[in-house]
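Respectively, the protein sequence lines represent chains A and B.
First residue of the first sequence: 1, per my numbering; consecutive thereafter.
First residue of the second sequence: 1, per my numbering; consecutive thereafter.
I should point out that these hints are in silico values taken from the structure, not numbers from a laboratory.
Don't be surprised by glycine CBs; every beta carbon is placed ideally from N, CA and C.
Errors might be hidden in some of the hints.
[Stated by the list, open to error] Quick look at which bits of chain A chain B covers, simulated, 3 or more residues with Cβ under 8 Å:
1) 67–73
2) 98–111
3) 128–137
4) 188–196
5) 228–234
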Amino acid sequence: MKLSLRIWRQPDADTKGEMVPYEIDGVSEDASFLEMLDVLNEHLISEGKDPVAFDHDCREGICGACSLVIDGQAHGPQAATTTCQLHMRKFSDGDSIDIEPWRAGAFPVIKDLVVDRSAFDRIIQAGGYISAPTGTAPDAHAVPIPKQDADAAFNAAACIGCGACVAACPNGSGMLFMAAKVAHLGLTPQGQPERQTRVLGMVAAHDEAGFGGCTNVGECSAACPKEIGLDVIGRLNKDFRKAAIRAA
Amino acid sequence: MNWTREAYRVYRVAVSTELQSRTAAHPVKRARAPWKPWRSTIGLKVAMGVSGILLVLFLVAHMAGNLHVFEGRESMNDYAAGLRSFGEPLLPHESLLWVMRLGLIAAVAVHIVSAVVLTRRAMQARPVRYASKKPAKGESRHAVATMRWGAIVIVLFVAWHLMDLTWRTVNPVKDLHDAYGAVVATFDPERWPVTVFYLLALVALGFHLRHGIWSAVQTIAGPNTRWRKRTQAVSLAVAVLLVAGFAIVPLAVTFGLVS
Ligand code: HEM
Ligand code: SF4
Ligand code: FES
């Protein structure tokens with residue numbers, strides 16, 4: 001496959017970036033999208049040029065490190081798929097492909113396609129945890145939980161913290177990520193003691209980081225590689241309303 | 001090596017971009033007013049939703065009231081006069097109207113202020129735009145355009161509408177007791193651009209409500225997926241009924257059913 005790429009190049013956070021064109025030939029359709037970029041980088045290195053920086057780790061769709069907005073779509077054109085699990089057979093010979101970083105004020109670019117997602121960590125630090133005594137793992141049936149709640153909590157816990165929801169949202173909102181955590185922890189008995197402080201703290205950290213508000217457009221959910229649904233945002237809103245009234 | 005900030009940044013990028021994404025230093029933000037739940041993005045959304053629902057209730061009452069036009073001049077004008085004399089002589093003249101007007105003004109103010117603040121935050125949240133356009137895939141993909149652009153159309157419409165039918169500045173019928181005559185005069189076929197503007201504004205209103213109603217419920221009540229789908233259906237139905245109920249009046253005048 002022969003492809004014309006346009007890739008966002010930005011040397012560091014303080015320098016203006018731009019879309020730079022690259023041609024690449026001989027791409028296998030069995031290559032993953034990141035492997036295609038690896039090949040491009042080998043060419044660039046052999047020509048003595050600066051390789052394209054991009055984030056990745058597991059390359060099996062579970063860690064949330066990879067990103068990339070491909071032709072305007074977070075994690076590319078394939079639904080429920082991370083960029084590392086996207087394969088070149090999704091594209092055709094001769095295609096032009098635009099590759100950009102997640103674009104959000106709260107996710108400043110570090111270099112090229114790599115953005116700083118520590119704003120998510122600050123949201124987690126503000127309440128996305130439970131306080132439980134450590135020790136040996138309790139028996140699985142020691143704390144009963146209704147099957148429905150367990151399933152819903154499990155679905156919400158599938159969030160890998162990649163940030164595609166922010167990248168896809170027209171408002172640059174981090175609501176789907178935050179809501180997935182609030183739903184995941186709020187649905188389990190272990191998450192109850194901190195339920196009220198959690199939601200208030202996380203929303204404060206979310207706004208402080210400079211994410212926008214949710215307008216229920218749903219682009220986040222459509223882009224999410226783990227198919228987190230909009231219902232978690234409803235749950236977040238409800239928890240927030242109750243906590244805010246009780247705290248007032 | 002002298003570890004200037006710049007050297008440190010270059011070093012970190014060179015060593016590990018993955019680690020960097022978790023640890024980079026953050027620009028210090030300007031200090032803001034102390035955080036209050038109602039000033040948060042969700043708090044403002046709730047304010048916008050509650051005021052929006054109040055406005056929808058007003059629209060339902062207003063739409064139903066307009067239908068008096070089909071019962072003739074007397075019934076329509078009696079209805080308008082009834083709004084003014086409600087509760088008299090126990091209550092002063094126009095008390096009900098003024099309570100409603102003050103409520104309306106408050107709801108409109110809350111609705112617009114929260115919308116403007118949230119829109120500004122949303123714009124600041126994406127300082128650099130995407131170079132490539134994406135196909136919208138979301139559940140309410142039309143909403144990005146219809147809520148903010150629609151709002152501007154509706155504001156212009158309401159301004160015109162007040163000058164037209166409340167104050168009569170731009171209406172040929174100056175007699176404030178003749179609401180019927182004013183409606184017939186404003187939608188006179190010769191003034192067709194007025195009618196076209198009304199109908200276009202109603203379409204904008206319909207799209208605004210189609211998303212706005214279910215979005216407000218999602219924000220205030222937080223329903224699960226099944227109830228969200230139901231709310232979306234109700235929202236569409238209310239929008240269609242309201243638009244049809246409002247549109248039928250100017251259309252009736254245009255086609256001579258009311259004159
Ligand atoms: C096209 C159909 C409509 C007709 C025939 C109509 C007619 C009228 C009339 C006759 C009045 C004056 C009532 C009075 O004298 O007390 C009025 C007031 C008003 N209308 Fe409409 N209207 C229509 C649609 C709308 C829509 C779609 C909106 C909102 C977006 C709206 C918002 C208002 C407001 C805010 C007032 C002022 C209420 C007040 O007097 O305090 N109208 N309308
Ligand atoms: S909600 Fe989905 S898109 Fe957002 S961070 Fe989690 S996995 Fe990524
Ligand atoms: S690299 Fe781990 S999810 Fe893509």
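Going down the list of hints, with the structure as the test:
1. Residues of the region 67–73 of chain A lying with their CB closer than 8 Å to a CB of chain B number 4, which satisfies the three-residue condition for coverage.
2. Coverage of a stretch by a chain is defined here by at least three residues with a beta carbon nearer than 8 Å to that chain's beta carbons; for the region 98–111 of chain A and chain B the count is 9, and the condition holds.
3. Residues of the region 128–137 of chain A with a Cβ under 8 Å from some Cβ of chain B number 0, which does not satisfy the need for three, so the listed coverage is violated.
4. With a cut-off of 8 Å between beta carbons, the region 188–196 of chain A has 0 residues touching chain B; three or more are needed, and the interface restraint is violated.
5. Coverage of the region 228–234 of chain A by chain B holds [criterion: at least 3 residues with CB-CB distance below 8 Å; count 5].
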